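4 protein chains.
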Amino acid sequence: MLKIAVIGAGRIGHVHARSVAAHPDAELVLASDPFGDAAENLAKEYGARFTKDADEVFADPDVDAVIIGSPTDLHLGQLIAAAKAGKAVLCEKPIALEVAKVDQVQAELDKINTPVMFGFNRRFDPSFAAAVDAAKSGKIGTVEQVTIISRDPAAPPAQYLTGSGGIFCDMTIHDFDMARHILGDVVEVSAFGQNFNADIKAIGDFDAAVIVLRSSTGAIATITNDRACAPGYDQRLEIHGTSGSVSIDNVRPTTLRLNNSEVTAAQQPYLDFFLERYADAYSRELSAFIKAVSTGEKPNPGIEDAVAALRLADAATVSAHEGHAVSLV
Amino acid sequence: MLKIAVIGAGRIGHVHARSVAAHPDAELVLASDPFGDAAENLAKEYGARFTKDADEVFADPDVDAVIIGSPTDLHLGQLIAAAKAGKAVLCEKPIALEVAKVDQVQAELDKINTPVMFGFNRRFDPSFAAAVDAAKSGKIGTVEQVTIISRDPAAPPAQYLTGSGGIFCDMTIHDFDMARHILGDVVEVSAFGQNFNADIKAIGDFDAAVIVLRSSTGAIATITNDRACAPGYDQRLEIHGTSGSVSIDNVRPTTLRLNNSEVTAAQQPYLDFFLERYADAYSRELSAFIKAVSTGEKPNPGIEDAVAALRLADAATVSAHEGHAVSLV
Amino acid sequence: MLKIAVIGAGRIGHVHARSVAAHPDAELVLASDPFGDAAENLAKEYGARFTKDADEVFADPDVDAVIIGSPTDLHLGQLIAAAKAGKAVLCEKPIALEVAKVDQVQAELDKINTPVMFGFNRRFDPSFAAAVDAAKSGKIGTVEQVTIISRDPAAPPAQYLTGSGGIFCDMTIHDFDMARHILGDVVEVSAFGQNFNADIKAIGDFDAAVIVLRSSTGAIATITNDRACAPGYDQRLEIHGTSGSVSIDNVRPTTLRLNNSEVTAAQQPYLDFFLERYADAYSRELSAFIKAVSTGEKPNPGIEDAVAALRLADAATVSAHEGHAVSLV
Amino acid sequence: MLKIAVIGAGRIGHVHARSVAAHPDAELVLASDPFGDAAENLAKEYGARFTKDADEVFADPDVDAVIIGSPTDLHLGQLIAAAKAGKAVLCEKPIALEVAKVDQVQAELDKINTPVMFGFNRRFDPSFAAAVDAAKSGKIGTVEQVTIISRDPAAPPAQYLTGSGGIFCDMTIHDFDMARHILGDVVEVSAFGQNFNADIKAIGDFDAAVIVLRSSTGAIATITNDRACAPGYDQRLEIHGTSGSVSIDNVRPTTLRLNNSEVTAAQQPYLDFFLERYADAYSRELSAFIKAVSTGEKPNPGIEDAVAALRLADAATVSAHEGHAVSLV
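Residue numbers (UniProt numbering), protein chains in the order written: chain A, 1 to 329; chain B, 1 to 329; chain C, 1 to 329; chain D, 1 to 329.
Among the hints, erroneous ones may be present.
Claimed, not checked - Listed below are the simulated DSS-like cross-link pairs for lysine-lysine, each with C-alpha atoms no more than 25 Å apart in a straight line: (1) D/K139 to C/K139; (2) D/K3 to B/K44; (3) D/K44 to B/K3; (4) A/K44 to C/K291; (5) B/K291 to D/K44; (6) D/K298 to D/K136; (7) B/K139 to A/K139; (8) B/K44 to D/K291; (9) C/K84 to C/K298; (10) A/K3 to C/K44; (11) C/K44 to A/K291; (12) A/K291 to A/K3; (13) A/K44 to C/K3.
Derived from the structure by calculation, the hints contain no laboratory data. Please read these numbers as outputs of a predicted model, since none were measured by experiment.
For reference, chain A alone in the conformation it holds in the complex (with noise of 0.2 Å):
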C-alpha cells in the first residue's frame, strides 16, 4: 500500500485524489494546500490528514510519494525538496515555465536517484495509447507525418494565463510530449502564432496556433491549437506511415446518433472538458507511476521529457516571435 500525499487542492488535486482513493494498491495520507480551507476539504473526503505547509509533506516519515499539482512555479522547489526527502514524485505539466532554471534542477535529480515521473496524461489514454501502440508495432509501416488536432472548448480568462507561460508551454505542451512520444527526438521547430482574442493579445500571448516539428527521422508532425472549440474539447490525432494510418476520434457522452430532415448520424458535442474526457488516463497514469515505484523500474514519462517538452515549448515562441524555423540540434 503506498502511502501518497498530494500537494496543491486543486481541480487537479481533487483529480489525483480520486484515483488514488479508488487505487486497491494506494491510500491518500496527506493533503496539503496553503489557501483557505482546500486542503482540509480534500482531505476529509477521502479520510486524509491535512496541512497548510508542504514542508510539513516532505518531512512526513509516514508518506511515501508525493503528487505534486501545485501551479508551475511552484514545481521544481517541491520536486527538489520531495526528492531530498526521499519521495517518489509524480508532478504535473509543465515541469517550469522557463527553461534555464530546469538543467540544474535536473542534474540534482540524477544524483537523488528516486522515482519521479511526469503529469503527460495523454500517454495514458486508452485511444492516444492505442494509436501509439500501432504506429510502434509497425503496423503501418515507417511513420512519415503525424496530425494532432488540440483544442479547448473555451479559452480561460486572459488574467488566469497571465502566468502560464504562454500557449506552447501551457497548451501545447501535451501536444509537445505526444509528438516526441510518436516520433522521438525533434531537431527542428516552427511556430505559428494567431490572435484572435484581443484580451489574450492584450498580454502578449497567442490564443491558437499551429506548430510544425521535424524529427530526426525526418517525419514531421504538425500540431494545431486553438483556445476555443464551439462543439467541444477537440482532441485528435493522426499517425500516417508507408503502409497505413491511425487515427483517434473525439469522444462524445454516448453513441447516440440523431436523424432527421436537417441532419443524419448526427452524434453529440464532444466531452466538454479534459478532466471528463481524460478521467481514465488521469487513474491509468496514477496505476503506471505506483508501478514504477513498486518494480523499481524507471517511471515513464520521466523529468528528461519533461524538459525535452519545455525546451519545444521555448523553441516554439522564439520561432513564433522571429519568424523561422529554431533548430535544436
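We have chain A; now place chains B, C and D onto it with these hints.
Same frame as chain A, but now just chains B, C and D:
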C-alpha cells in the same frame, strides 16, 4: 448496337431512356406511350421515333429489345407480345399484381425462349452488390440473419396507391427480391401491417410493415418498411453470418460533416428519391441486360425471380390479414 | 448511508458489490452464498461480513437493502422473504422462469409495500437512456418502429442454458423490457426461433431468434437475437418516428481507426462482454435504486415491469412453437 | 451549342472530351495532339475531327472554345494564341512552371478580354464545394484554421516528375487554390519538404511536404502532402470557425462496412485515382465554363487565381529550401 424501344414514357421510362442513350452499345430507336405528348417528348430528347400504340413497337423490325415501363396491369400482356415478336425484354417490377395470372405467362415464355429480365434494380446498386458479394464469398461465414430497412421519404397520394397491389406488392417487392438474392428459397412468410396514414388505411392498404422471412437454410430475413421517413430515402441492409457481418449505409449527396455546439459529425439527409439513389443501379442494370442479350446468357434476375417475389408479396398479404405464418412449401 | 447485503456471490454479485463500494451513500455490510468460499471471498474484498445462509441476511437488523443475484429459481422466495423482513430489494432479471408462479408473489408484495426494483440494467446505460429520452421528448415525433439488435459474443455451454428458461426468458428478456420501456403496452407477440447450434437444439432451446412485438399504439418493435456474434457483444437500438430517428451504436474500447490498403476507418471489435459493456449501467442502476429508497419514490423498473417482460417471454415461447401471433389482450 | 476543341489527347484530354460529349449544350468538334495517333483516337471516339497541329485549332472558325490539356510548358503559348483567335479557354493547372513568365501573359490577356478559366477541379467537387459553401455562409462563424490533407496513392516515376516544376507546383497547387478559395489573400508561406523516396530526392524534388499559409485575416491553413498513401487517394478538408466546423471525408466506392473478430465498421479503401475521385468535379467544372461563356460572366477561377496559386508554389519552394517564412506582401 442494340436497338431498344421504351414502352411507357413516364418517370421510369425517362430513366431507362437516359441509360440507353449513355450506353456505348445501345441506341434508343422508339418510344411508346398512349397518353398526350409523353412518347413524343421522350423520343425527341434522344432523337428516337415515337408512337402511341405499343403494338407498333412489337411489330417494328428495327427494334431488338423492349424495356417495359408501363403500368403494372399491362406488363403481362406486353411481355408476351414482345416475346412472341422475338424481342428481348427488360420488364419493370412487379411482373403483375396477382399471382394467379402469372403461371400461364411463365409457361408460355418458357416455350418462346427469348431473353427476359426483370428490373430489380437494387441487385445492381454498387453497395447492395458489394454486401451480397461479401456474403456469398464466404467472408462472413454462414448467413444467419438479414436485416433490411427500406423506407420511402414520403407516401404517395393514396389515390396513386389504389392500383398498386398494396405495400407488399408495390414496395416490399424489392426487399423480397433482395432477401431471396441473399438467402435463396423462402419457406415461410409472416407479415405485420401498420396503419399510421388514414388515407392509405381508407383504401385498405398498409403504410408501414414488418415482414419476417424464413429461408430453407434456417436463416431469417427481417424487412422493415415505412412509406414515410423524415431523413430521406432510407435503404439499408445488414447480413450477419457466423464469422462476421457486412452492412451498407445510406448514401448522402456529399461527405460533408458539420460540428457545432449542438451536433457533431452531422451528415446531410439521405438522397431523397429512388431515382437519385439508384441512378447508378439503373445504368448497371441496363448493362447487364445488354450483356446478357449479346452473349446469349440467361438474363438475371429472370422471370422465376419476378414470380417468386410476387408470391412472397401474396403470402405476406395473407399473413398480415390472418395473423399467422404462411408456409410456401 | 444505505447498508446493503448481496445475495449470490457469483459474477453479478461481484459487479453489484463493486458498485456499492464505490457509491458515496452506500456500504456493503453482508454477502451471502451457499457455495464454498464465494461469500467469504467477496466479503473480504470489500470489508463486509459473510454467511452461507441467505436467511441470516433477512434476519439481520443491520441490513437496509438486499441485492438478489442468486440463481433465478431462488428469486421469488428470496424476494418475498426480504420484503417481509422490511428490506428494500434490487432483484436481478428474470424475476422467475414461469409466469404461473409470479401472480401470487406480486399480490403479496403489493400488500407489503417495500421498495422493489428489478435489474433491467440497459435502461440505465447512458446510450440506451439517451435514445429513449430523445424518443420520449418528442424529438423524433411519434414512434412507429423500433429495431433492436442484441447478440451475445458467444453462446454459453448448452449445459449452463438448461436451467435458463430458454432464450426468450434468459436473453430476450432485456430486449422485451427495452421495447416496453419505449413503446408501453405490448398487445401481440410473434416469435421465430432459429437453431444453428446443435447442442442448444438438443436441450430444446433456440440459439437465435427474431421477435415482433406490436404495441397498443400500433408501433412495432423488432428484436433480433443471436447467441453468437463474431465482432463482439452486439447491442444496438434504433427508434424511428414520424419526424426523425435516433440510433445507438456499439461501444468499442477506444476511438481508434485503422486505414491501410485493405480497410479504412476500421474500428476495433465491440466490447466483448456484458459486464464491460454495461459497467456504467450497473452503477447508475444502483444509484437509481438508492435514490428511490432514500426518497421513498417507487423504484423503476418495478415488479410490474419484471412480470410484463416475463409474460412476453412466455408468449414468445408459445408463438415460436405454434407459428402464430399470440395476443396479450 | 458550344463547339469545343481539346488540345492534348492524353489522360486529361480524354476526361474533358467525355464531359463535353455528355454535356447537352456542348459538342466536341476537334482534337489536337502532335504525338502518334492520339488525336485521331480521341476524335474518333466522339465523332470529332482531329489534327496534329494546335495552330489549326486556333485558326478553325468552327471552334468556339478550347480546352488546353497539353504539357504545362505549352500552356502559356497556347493560351495567348487561343485568346488572340477569339476562343474561350479552359486551361489545365498549373498555368506555367515559372512565375516570371506569367505577368506578361496576364497583361496581354487583360487586353484581349476573352473568357479564360483554369482547371482547379476541386472547387467543383460536390463535397469540397459543400464545405466551402458552409464556411462562406457563416454557418461556422469566422474561419480560424483550415486543415487540408492531400495525398496521392503512389508516387509517379521520378522521371515523370522531372518536368513537373516540383511538388509545390505540381501537386500542392490544388491545395493552394483551395486554401485561397476559402481564405482569400495569403500573406505568408512557410513550407517544409520531406524526402522519403530516394529517386525523387535524386532529382531535387520533395515527395512529401507540410505547408503553412497565413491569410490576411489571421487565419492559417495547414496543408499536408504525400506522394504515397497506402489506403488510396487521401483528400480531406476541415474548416474550423468560431462557432463550429465542417469537414469532408474521403470517398469510397460503396458504403459497405465489414465487421468481424478483427475489425468493425471497416470501410473499403478510398477511390484510388484523381480521375475517379473527381469525375463529377470535372463535369461540373465544364458546366461552369460553358455557363460563363454563354452568359458572358467572368469565368471563375480565372487567370488571377492561376497566377496566385503559382506564386504560392514559388514562395513555398523558396521557404522549404531556406528555412524561413516567405512574405507575399
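Problem set entry | Pairwise hint evaluation, A/K139 against B/K139, where the allowed Cα distance is 25 Å at most | holds, 23 Å
Exercise. Within 25 Å, alpha carbon to alpha carbon, are C/K44 and A/K291?
Worked result: OK: C/K44 and A/K291 at ~24 Å, within 25 Å.
Exercise. Are B/K44 and D/K291 close enough, with their CA atoms no more than 25 Å apart?
Worked result: holds, 24 Å
Exercise. Holds or violated: are the alpha carbons of D/K3 and B/K44 at most 25 Å from each other?
Worked result: holds, 22 Å
Exercise. Between A/K44 and C/K3, does the CA-CA distance stay at or below 25 Å?
Worked result: Distance ~21 Å between A/K44 and C/K3 Cα, so the pair holds.
Problem set entry | Given pair status - D/K44, B/K291, alpha carbons within 25 Å | Cα-Cα ~24 Å, so holds.
Problem set entry | A/K291 paired with A/K3 [C-alpha distance capped at 25 Å] | Satisfied, since the Cα-Cα distance of roughly 13 Å is no more than 25 Å.
Problem set entry | Given pair status - C/K298, C/K84, alpha carbons within 25 Å | Roughly 17 Å between the alpha carbons, so the hint for C/K84 and C/K298 holds.
Problem set entry | Agreement of A/K44 and C/K291 with the hint, judged by alpha carbon distance not exceeding 25 Å | holds, 24 Å
For this session: Decide if the proposed pair is consistent with the structure: D/K139 and C/K139, CA atoms, cutoff 25 Å inclusive.
Result: Given pair D/K139, C/K139 holds - Cα atoms ~23 Å apart, limit 25 Å.
Exercise. Between D/K44 and B/K3, does the CA-CA distance stay at or below 25 Å?
Worked result: holds, 22 Å
Exercise. D/K298 and D/K136: Cα distance at most 25 Å?
Worked result: Judged against 25 Å, a Cα distance of about 20 Å means the pair holds.
The structure meets every hint from the earlier list without exception.
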